[in-house]
Amino acid sequence: MIAADVVDTVIFRALEAVNAEREPDDQVLISSSTPLFGVDAAVDSLEFVSVITDVETSMNLEHGMGISLADDRAMSRPVSPYSTVAALRDYILELAQEA
Amino acid sequence: MELNGLYVVLRPLRVEDAEVTLAWRQSDRAILMSRGATTVDEQVAWIASTPETEFNFVIQLHSGQTVGMLSLINIDETHRRAEPARFLIGEPDAVRGLPVAVEALKLLYELAFDRLGLNRVHGAVVAENQQMLKWHLYLGMKEEGRLRQHKYIAGRFHDIVCVGMLESEYRTVALPRMNALMRGGIHEQGTHQEGVG
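Protein chains in written order, with numbering that gives the first Met the number 0: chain A, 0 to 98; chain B, 0 to 196.
Among the hints, erroneous ones may be present.
[Stated by the list, open to error] Computed footprint of chain B on chain A; a stretch qualifies when at least three of its residues, placed anywhere within it, have a C-beta under 8 Å from a C-beta of chain B: (1) 35 to 46; (2) 49 to 55; (3) 59 to 71.
[As the list claims (entries may be wrong)] One side only, chain B facing chain A, incomplete, derived with CB under 10 Å: (4) M0; (5) L2; (6) L5.
Rather than coming from a laboratory, the hints here were simulated on the basis of the structure.
Here the structure is a predicted model, which means the values were calculated and not measured.
Note that the Cβ used here is the ideal one computed from N, Cα and C, for glycine as well.
Whole structure, please, built from the sequences with the hints as guidance.
Pasting the structure below:
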């Protein structure tokens, strides 16, 4: 079973890659409560897809988890898995439990 | 032709858009795009000279605010292919957290595959533009090749990654992902989307 802090690390690293493309004075503040989607989102559309892509790739290559984070199931949840880093982590952990 | 979505309208690019689109093209966000016009007059001339065989759109919110641009060019009816191009969100703060870029591309793909009956779309992305490359690959494009040092931009040569997507891949990969991202946006916007629909 994959641990929550491991998933956090994967997501944080994806956000650090976003920051690497930004100016020093325009960095995303990375934490479990960082909003990924919605009116308060810390990232734009291209950055969001970059995060999703990097997380899916890392989970697959480093942890052997082939997951899809943009499908009907993700959208059928009462809380969007995109709302915050913590929500995305919880969704990935849920997928891991079923794997 | 106007293409209407939940968040945006793709409406034809007009000469009146010259000033704002030139500003977008000259911004840091567009540094890896071809530079094109350098003055408003040149941009007006370019817009006026775009062939009617191309679809050049401005991405406009339902509030009327213009936020970006997107085109479908090199439409080949014989080989049933075309090239999405000039994709730029010029007002990122106005669309932050909204799936505007996803919907704009979805509307363009609907035009290409559903209305024009094309079999393939293809494009070229500067290799260094990793976010744009990831974006296209995640939304259905496949990498088809690399043109080494193919463009000279901002003082040096850049590799170009060639990408393409077949109509079948649009329906099985791109469309479900774009729909999911769209629903994610609706999910998160809650009542906000009522104001723009």
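Would you list, in rising numerical order, the hints stated earlier that this structure does not obey? Result: hints 4, 5, 6 break, sorted rising.
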